[in-house]
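Protein chains: 2
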Amino acid sequence: MRILYHLPLSPQSRLARLSLSERRIPFETRVENVWESGEDFLALNPAREVPVLVEEYGLAVPGGSVIAEYLEEAYTGATLLGHTLEERIETRRLLNWFDVKFHNEVSRNLLGEKVDKRISGRGTPDGTAIRAGYANLRFHLDYIGWLSETRAWLGGAQLTYADLAAAAHLSCLDFIGDIDWSRAPFAKDWYARVKSRPSFRALLHDKLPGFTPPPYYMDLDF
Amino acid sequence: MRILYHLPLSPQSRLARLSLSERRIPFETRVENVWESGEDFLALNPAREVPVLVEEYGLAVPGGSVIAEYLEEAYTGATLLGHTLEERIETRRLLNWFDVKFHNEVSRNLLGEKVDKRISGRGTPDGTAIRAGYANLRFHLDYIGWLSETRAWLGGAQLTYADLAAAAHLSCLDFIGDIDWSRAPFAKDWYARVKSRPSFRALLHDKLPGFTPPPYYMDLDF
Numbered sequence: 001m002r003i004l005y006h007l008p009l010s011p012q013s014r015l016a017r018l019s020l021s022e023r024r025i026p027f028e029t030r031v032e033n034v035w036e037s038g039e040d041f042l043a044l045n046p047a048r049e050v051p052v053l054v055e056e057y058g059l060a061v062p063g064g065s066v067i068a069e070y071l072e073e074a075y076t077g078a079t080l081l082g083h084t085l086e087e088r089i090e091t092r093r094l095l096n097w098f099d100v101k102f103h104n105e106v107s108r109n110l111l112g113e114k115v116d117k118r119i120s121g122r123g124t125p126d127g128t129a130i131r132a133g134y135a136n137l138r139f140h141l142d143y144i145g146w147l148s149e150t151r152a153w154l155g156g157a158q159l160t161y162a163d164l165a166a167a168a169h170l171s172c173l174d175f176i177g178d179i180d181w182s183r184a185p186f187a188k189d190w191y192a193r194v195k196s197r198p199s200f201r202a203l204l205h206d207k208l209p210g211f212t213p214p215p216y217y218m219d220l221d222f
Numbered sequence: 001m002r003i004l005y006h007l008p009l010s011p012q013s014r015l016a017r018l019s020l021s022e023r024r025i026p027f028e029t030r031v032e033n034v035w036e037s038g039e040d041f042l043a044l045n046p047a048r049e050v051p052v053l054v055e056e057y058g059l060a061v062p063g064g065s066v067i068a069e070y071l072e073e074a075y076t077g078a079t080l081l082g083h084t085l086e087e088r089i090e091t092r093r094l095l096n097w098f099d100v101k102f103h104n105e106v107s108r109n110l111l112g113e114k115v116d117k118r119i120s121g122r123g124t125p126d127g128t129a130i131r132a133g134y135a136n137l138r139f140h141l142d143y144i145g146w147l148s149e150t151r152a153w154l155g156g157a158q159l160t161y162a163d164l165a166a167a168a169h170l171s172c173l174d175f176i177g178d179i180d181w182s183r184a185p186f187a188k189d190w191y192a193r194v195k196s197r198p199s200f201r202a203l204l205h206d207k208l209p210g211f212t213p214p215p216y217y218m219d220l221d222f
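So the protein sequences, as listed, match chains A and B.
UniProt numbering numbers the first residue of the first sequence as 1 and each following residue consecutively.
UniProt numbering numbers the first residue of the second sequence as 1 and each following residue consecutively.
Some hints could be false.
If chains are identical, the list can't say which one is meant, so a pair holds when it fits in one copy or spans any two.
With a straight-line Cα cutoff of 25 Å, these simulated DSS-like cross-link-like pairs (lysine-lysine) come out [unchecked claim]: (1) Lys207 / Lys117; (2) Lys114 / Lys101; (3) Lys101 / Lys117; (4) Lys114 / Lys207.
Source of the hints: derived by calculation from the structure; they are not laboratory data.
Isolated chain A, as found in the complex (with noise of 0.2 Å):
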């Protein structure tokens, strides 16, 4: 069976989860530890990151973009990236927006500071990182609701990889009770929508010692 190493609260690696579930494509997880993986894993991805997805005959895919376009062109099926240039280029600027953008902006500062850290024992929070994300992330929740008044879903009128990666930051800050969904209404409908498909169901049962996600984070009616 092909394996992924992920983290529960790693963006990228839930990107590659919601990837290969959308696809249907079956999978097993394992959960790595990367501040204490040794050669082994580092042979597998040389960044010492998650996720990595490993196919049963051995192909290692480190990255959660990286398996975004990997599955694309390994796997038949329907399309995550879009049919026409234009799609495709906005779903890719999309991509890059959450997994560079935001994650520098907003998940760093609080998955990294508040979630990283303490699982790994590496560091003390840092008050002025954990203030400039939620500073951000009101304009990053801004910029998805009103992506998602003016289209069917973020990228354009069809669901595509910029839904998932969006979907995969905000599910993990939503774990950690990080976003106020009241100030968000465009974006709380879309991604009520997204986190009601079958894709989302795994994630939702993530757990994780020492940390209980808020109610409504199960919730789809939240």
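Given chain A's structure and the hints, the job is docking chain B onto it.
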């Protein structure tokens, strides 16, 4: 004519210039001072970042790696991603390595502090960041050296976007004299090969007011 909005010392912009030139796709460049950009540019790229490629018929493609994927799909000719699934995974892994990991660990600390702050007139260089950038650069030069010692090109047997992304970053750092090539003989041999390609010529003639590149910057036999 298609237009590339860029900044001379933006690694992502240089990746786009190299990607277009390697494919012999003609383009004009326009310098876009993103810290002054208004609504017109934000409509092309809401992230307010260069590069943005605008085709003659109006299609806008924002971001170095998005442009790389777009060129691969929109234009015929030799691939810069690789032919097999394995090659394309390795190219994208390294493209991501340079555009995210190298950028965050090295370029943001050196180019961001020493160049971007100066030309935009915003902020003063942070010595701690600069020291971190130099320390991380040594590790990355070793990794580039290891790759080029064991393969013809960074991604494998042929030139790919992995080489162009790496050379885009290193050429910006070389312009400000931040690379000690005497410490990195294998990386230097690889860089000399990339630097002597016709696609690189325009980059070697870049000028930036207030910055004088070291004499070896333009030298193909440095």
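Under the constraints set out in the numbered hints, which ones does this structure not fulfil?
none
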